[in-house]
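Participant: Put together the whole structure using the sequences plus the hints.
Protein chains in written order, with this note's numbering: chain H, 152 to 600; chain G, 152 to 600; chain L, 152 to 600.
Errors might be hidden in some of the hints.
[To be verified] Here chain L is said to cover these stretches of chain H; the calculated rule only asks that three of the stretch's residues, wherever they fall, bring their Cβ under 8 Å from a Cβ of chain L:
| no. | segment |
| --- | --- |
| 1 | 184–192 |
| 2 | 198–211 |
| 3 | 222–229 |
| 4 | 234–246 |
| 5 | 584–594 |
No lab work stands behind these hints: they were computed from the structure. Just so you know, even glycine gets a beta-carbon here, dropped at the ideal spot from N, CA and C.
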Amino acid sequence: MTKFTKIITTGVMASAIAAPALAQEAASQEAAVHTQFIFNSLLFLIGGFLVFWMAAGFTMLEAGLVRSKNVTMQLTKNMALFSLAGIIYYLVGYNLMYPLGNWMIGSDEAGGYIGAIGVAVMEVVGAGADTVDDLNYASTGSDFFFQLMFAAATASIVSGALAERIKLWPFLIFVAILTGLIYPIQASWKWGGGFLDSQLGFLDFAGSTVVHSVGGWAALAGAIVLGARSGRYGKNGKVVPFHGSNLPLATLGTFILWMGWFGFNGGSQLAMGTLGDVTDISRIFANTNTAAMGGALAALVLTQLLYKKPDLTMILNGALAGLVAITAEPLTPTLGQATLIGAMGGIIVVFAVPLLDKLKIDDVVGAIPVHLFAGIWGTMAVLFTNPDATLKGQLLSIIIVGVFVFAVSYVVWMVLKATVGIRVSEEAEIVGLDMTELGMEAYPEFTNR
Amino acid sequence: MTKFTKIITTGVMASAIAAPALAQEAASQEAAVHTQFIFNSLLFLIGGFLVFWMAAGFTMLEAGLVRSKNVTMQLTKNMALFSLAGIIYYLVGYNLMYPLGNWMIGSDEAGGYIGAIGVAVMEVVGAGADTVDDLNYASTGSDFFFQLMFAAATASIVSGALAERIKLWPFLIFVAILTGLIYPIQASWKWGGGFLDSQLGFLDFAGSTVVHSVGGWAALAGAIVLGARSGRYGKNGKVVPFHGSNLPLATLGTFILWMGWFGFNGGSQLAMGTLGDVTDISRIFANTNTAAMGGALAALVLTQLLYKKPDLTMILNGALAGLVAITAEPLTPTLGQATLIGAMGGIIVVFAVPLLDKLKIDDVVGAIPVHLFAGIWGTMAVLFTNPDATLKGQLLSIIIVGVFVFAVSYVVWMVLKATVGIRVSEEAEIVGLDMTELGMEAYPEFTNR
Amino acid sequence: MTKFTKIITTGVMASAIAAPALAQEAASQEAAVHTQFIFNSLLFLIGGFLVFWMAAGFTMLEAGLVRSKNVTMQLTKNMALFSLAGIIYYLVGYNLMYPLGNWMIGSDEAGGYIGAIGVAVMEVVGAGADTVDDLNYASTGSDFFFQLMFAAATASIVSGALAERIKLWPFLIFVAILTGLIYPIQASWKWGGGFLDSQLGFLDFAGSTVVHSVGGWAALAGAIVLGARSGRYGKNGKVVPFHGSNLPLATLGTFILWMGWFGFNGGSQLAMGTLGDVTDISRIFANTNTAAMGGALAALVLTQLLYKKPDLTMILNGALAGLVAITAEPLTPTLGQATLIGAMGGIIVVFAVPLLDKLKIDDVVGAIPVHLFAGIWGTMAVLFTNPDATLKGQLLSIIIVGVFVFAVSYVVWMVLKATVGIRVSEEAEIVGLDMTELGMEAYPEFTNR
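Facilitator: As structure tokens, this is what we get:
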């Protein structure tokens, strides 16, 4: 007999006649709880492999948008950052993010600030109802698997912005700090039940702020400290276009990210074991999809109007910005609202990409417009569809997270720059990182140099 | 207490002693219904993201089979058509396709012809048993998500056939009409319970006719009105081979489509909440897979015999034709029958591709043989394995759908041709659509022109 | 009333008063069994499409690692081998592998050696509790679908090692023998309940030995009989590097394989219908992921240390070796142990690749280090985390399987070499198999030859 049936059956043995029915009821309720546990865990497993898939999406998107001489480096960085992020998250991040009340600094009631220390531990093999960590939630293994992917996604965002001139190892050091400290600490403030959640009532369903803007702030700090690619901005302030070397790959990456986002947002419902939960997940899937469509179409129409020619890279980033924008609240909007929230994301991208260039902030793949700007927009847009959101809660949380992540990232980048150096030599940059840093071309037979 | 338990408990309160057991039975039955609802909705969510993935598959297949000078356009068209199709389907298509008895023209009994007008509306957030639209089916959100992907797939079929010479915006206008009117109206005739279903007993499990041949007919009409690519057919009637620029991409696209088809056919079971349903879905998965294998192998062997060399693009299209062929009835065949049905699809493709060229119908990727011809074959093949199918029902439905879709498509293409024009200039075609229409090369560093 | 409820209700009709509750209990238990059946079948369906996806992963990995002149052939071989393997497995392999006690040679008790003959047969359409093959397991269709993918994966392993010089048709003959006889016979020894399982207590959860080393042994035999690629090993014993033509494709292939491995290992739990099973699957997902991360990071660090430059292809193979290594026991290790088991896989690859070259065994993609060496390591590593494993059981089984597969494969390759020939001419090899064997270039516009 499990812990659960013990609780249920205690105190209900009112009469001998009722006993069989009551015991039966207890068994039936226990089965229902187990079924819900399975559905919830399954949601995390499916959601997790979909968000894992986003790692491939970021990799393909970035490999397609850099010049061919830097592709092997971009591939290497993505493989390495994902692997490193995952292991660091296991060692430090998971318990820092989910202290389950055991805050090192703060408390659930007064506001949590810094979570717990320790490696992630899953349930024992062949767990029963009395050995799973939380019978009314899901298996810890599935939760860990799912959450790990979010930490890795945050790091992936940074990689694209800083492409084509950053050194591999300093970048990986930053990834370790980002996924071991910066990301989980700020994530604990909301998703670990910390002060943004308990004191400010901040709402961020799947991470427009907690994941995407965090990656965006870290990328922005890095882009500023690192400086633009050699030759990117002419003397007269003119932007020299650097063309992505493989647009099918970038498009594939976008489709992969779009697909993975169903897991990203849908899994963030955190439960699938009830009729209400699965119906909500269904809303989330449909809204996530339509926001991406809205973002893509908005960028298509807007680039046609502004430049007389549709711009594929803007359309791809428009779809992604739509996805980022809906991530803070994929549940409450109607399909129409979700489409508009996504469309605004696409519009933001089309205007923000040239704006960053004007500021000489060189973001190779458009990660800052997509993940930071559309992330802020999405977080504010919660106000339009979810009555529980407050202007103060949303705005203040965006600022607190932004200041924290940008400041810490900036300091880390500056320290790395001052110590090991973060940038390859100009010659290396001109020749390409693939040959100078790795000695391996991505397309040895294709390029017509 | 939910609506369902109310119904169950009414009239069964026969005795006071029996009451606890009966109340318990009602609760247990309610739980079972909820569990089935969750499974059914989950089927649509998984099926939906798999069919979504087919959009990436079409995109990669087409991008790999066109020449490099037209790749960016093909990518742009696919991103745009998917997004547009989805939003149009939300605005118009979904209710037109599923009137749930509220026909504008016709009725469930006498035969439905034109469905209902209105945007798609999902259940409320946190729906309960009394607020879901159909407790014995699945969440409307999941159903909408799944069905939207089918509408988009129909449009994707058209895009490949007309590649390398069609203008972007007129193409998108056609997509809007196809996914907003043509597709949902004819789909309502069968899947909305309309006259093909109720009067003719037409059987088309997952859409060999309703989806694939519809895309194929629309593509055929477009290919005829649009004309062949410049230089494709020599003066002497000889076909000038235009080589696909990236066969790994085309192969990847085929694998993606194959994977997505498990959702396409499996999800079309429409339920997973019973032992019988999941066993049927298992049959469908295995049959879908083996039909693709049969189609690929048949094309491999046949091209070896006919041309002394296996032809990869035929093998890819053979696998896809196998998938299209099994789509009308993936459930009833045995594994052996399914393999043969798929193999015949592969054989059809090998013979139909040169036949179309003889007719100077220029189908860039082989979409018409794969989706139209194999779709017709698959629809007729239902007769071999499903005793409920009638020759009249299948044949007449193929003809009715074909005439409707081809005629309307032809008129729309002609009107577009006469008004805005549908074809780029010959110079643009020779230079490539990427530079002339979009100003962006797909592989700026690779091509040795 | 189903078979199950009959059993339950027989002999429990103790009293008239208890009857309603007991009938209710029987119904409730029946529902629970059905729910478990659905979950179990769903696990195979999801696991199956994920392992299917690995076919695309192998294809992309191999297409990326061969030179551009052999890419079309590599794509053709992968499409063909998957299709052929699946159909052969249906015709012969499935029942040979799972005799369900009906051994042609041997018995469950004394040890099974050769399974049963016959094509695979799924349950009837609309199966009920009394017509499914095993109510306490999963639908046969889903099991067949899942297992078929493993047979195909085994064949995929061989294809990469022998690339760039083997003829298509002899290769496919070998694939037929491998997937129709070699693979299912040795797999029956463990997974069909044969003598390795019943007599030796061999443990191999998802196939480090049964799948991966089998592919590896077959590849090794083939590589020896076939000989190295022309020009690969210089007169002075120096290895001439042949560069992969498309590293983004190889990286994509690795990500695809990694994703598919969640199905490969997770699905091998064979059940998801209980709280314990889903918790175990969660462990497996997390461990599988972290082993890949460990393998990738180990290869990254080690190549940096050894060669002063990280080597992307080693990192990719390191991740894959980590996955192979954890496959024999993805359940019992902790996250830390799984990371180390995977890391050791990555280390093995970094040392084994040059070792094979020293032996002039030319393995184009590193399949032998990844699948054979890391497979052996993973099979032995079970001893560290699973107390049920015995040194004798593991070691002897590795040897028995290795001797059987290598010897039979070697003979088959020799016979093929002596009869139809297995190698293209040297001219063909220099020109490339794409033009000489298939007449179709993979990238007709890119290569700068």
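Participant: All hints, please: hold or fail.
Facilitator: A quick look at each hint next to the structure:
For the segment 184–192 of chain H, the assignment as covered by chain L holds, since 5 residues bring a beta-carbon within under 8 Å of that chain's beta-carbons and 3 suffice. Coverage of a stretch by a chain is defined here by at least three residues with a beta carbon nearer than 8 Å to that chain's beta carbons; for the segment 198–211 of chain H and chain L the count is 8, and the condition holds. A count of 5 residues in the segment 222–229 of chain H with a Cβ less than 8 Å from any Cβ of chain L is obtained; the coverage claim is therefore met, three being the minimum. Closer than 8 Å: that is the beta-carbon criterion, and the segment 234–246 of chain H has 5 residues meeting it against chain L, so the requirement of 3 holds.
With 7 residues bearing a CB less than 8 Å from a CB of chain L, the segment 584–594 of chain H meets the requirement of three and the coverage assertion stands.
In terms of the numbered hints stated before, the structure departs from none.
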